[in-house]
Amino acid sequence: MALLSVNKLTKSFGGLTAVLNVNMEINQGELVGLIGPNGAGKTTVFNLITGMYEPTSGTITLDSNGIKKEIQGLKPYTICNIGLARTFQNIRLFKDLTVLDNVRIAMHKNVKYGLFSSFFHLPSHSREEALLTRKSLELLEILKLDHKKDELARNLPYGEQRHLEIARALATNPVLLLLDEPAAGMNPAETAQLTELISWIRKEFNLTILLIEHDMSLVMKICERIYVLDYGMVIAEGTPEEIKNNKRVIEAYLGEDMSNAGD
Amino acid sequence: MGNKAKSNLAIKIILLAATFVIIQLLIFLDVINDYLQATMATICINIILAVSLNLITGFTGQFSLGHAGFMSIGAYTCALITLRNPTLPGFIIGVFAGAVMAALIGGIVGLPTLRLRGDYLAIATLGMSEIIRIVFLNLDSITNGAAGLQDIPQFTNWIWLFIFTTGTVLVISNFIKSSHGRACISVREDEIAAEAMGINSTRYKVIAFIIGSFFAGIAGALYASTFNFIDPKIFGFSKSIDVLVVVVLGGLGSISGSIIAAVLLGIITTYLQAFANIQMILYSVLLIIIMIFRPQGLMGSKEVSLSIFSKLGSIIKPKKGRA
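Quick mapping for you: the protein sequence lines, in order, are chains U and L.
Note that our numbering has the first sequence beginning at 1, numbered continuously upward.
Note that our numbering has the second sequence beginning at 1001, numbered continuously upward.
It should be emphasised that the hints constitute simulated quantities derived from the structure, not laboratory data.
Model, not experiment: these values are computed from the prediction.
Hints are supplied without guarantee of correctness; some may be wrong.
Claimed, not checked - Pairwise CB distance ranges (calculated):
#, chain 1, residue 1, chain 2, residue 2, range
1, L, 1279, U, 157, 49 to 55 angstroms
2, U, 199, L, 1242, 57 to 63 angstroms
3, U, 155, L, 1275, 41 to 47 angstroms
4, L, 1268, U, 138, 47 to 53 angstroms
5, L, 1177, U, 204, 29 to 35 angstroms
6, L, 1009, U, 65, 42 to 48 angstroms
7, U, 155, L, 1278, 44 to 50 angstroms
8, U, 39, L, 1300, 36 to 42 angstroms
Glycine included, each C-beta is placed from N, C-alpha and C at the ideal position.
Let the hints inform the model, and build the full structure from the sequences given.
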């Protein structure tokens, strides 16, 4: 059974249909890519899945640990608490807060102490804050950001900001991670590093990952399956090998260079 | 970590106790006369108002122009209770009843209005506070309308003001330093990202609003009990602006900034009494000058650091397991 099933998902903004009858299935543990030319509706699909937009029609079902739940139209924070985390195409960190606080905020849903305890810093507050801080530091260590824990997020170099976004998404303890163009703006060396990082966290955290990416070297290297979107519709689906040789994909989007892109 | 937190706490307690003892001594020696005591009361009430508004506007990022409305609810509730029950328990019940009433109204008003953003929220809160004022103005049988309530029993003295002011500052700064407080700050920083990280932004806006209203209610109750007289005019639009001026001047998102600004403005106002005719002009000019040179407020979003004191402490005391 698929972890995430998207069924006939449609979203129109006034007269413009950004996403039309999209069907997708993502199985537990898979790493799936979502590609397509600019304006194809990839980020809109992400925004629909994570609750930023309400779909015009269609369903999105999350089946985690045998609990099946339709999540379309739910609030983003509810969807996050069910186990979906995301990063943003144009980085959206809490820029004026420290690296540590960025991660600690994402761990807020695990906090059990109440408001009363927070007013008077009762023992339950101190105990859970210590635990929260330790877990956050562990995450930062994994992403090699622990030495910068007290820096403001805005002062991090671009690549590290992307890493911090991933750390923050992981802090919400997701079952499904959605990465929106994680390699955007990175040079080839950084992209190679990121590619390794993604495969590594996937194993380490037992994650299912859906990612949008323009960088074909990354997509072809790590994705097991790829969906291709054009004009809001899925025009192809398959393994990287199949996508490379799919006529419709080559015509609609990838052009003649496609056969070399995997290198 | 733990040691540092403990020594910081010790420094805080020593500083607070010293402030209290010194001022108590000065009152006893009559260096601080009745007039200065009234100024001090105004400063304490302004600290409570500014710190609580800072939680709403500075930390949670919700621009509110209705703080005087919640203050008036606290003031009227406490005044009416102490007028019927002029005892010390009556006063304490009055203060907390005023605060709870203000928090209750804050929650009822906050739920629908906090869906608005920026200027729209400012206008909605302004309208709401005007509605509260007009209700008090027209409830003749209870509030005595425009004539106001006179001869409110005076229970507030320096000791009560000190207790409630430090209590407010401690509770709000503790809240800010908790996970719930960080959730409020994340809403200010980026509401969309906060929601994507599992934070119910509406919930935290309303929580901040309710806590802020609660302490505005306390400030109002102390006002009624200090100055013996309240009428609806006191809690008009300009009172909300006064509080906002303190918050912006001290720095949005800085509790120590709010305290410093409230003290500073209190002192400036006292000295400007000498120039009665041009007092407001001088006050405004001063504000303009400060805003030109410190547009982010006196403290920005930083807090006064206690590290100077812990360094002093480590010189005096032999080093022992420093964190």
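- In rising order, the numbers of the hints this structure does not comply with: none
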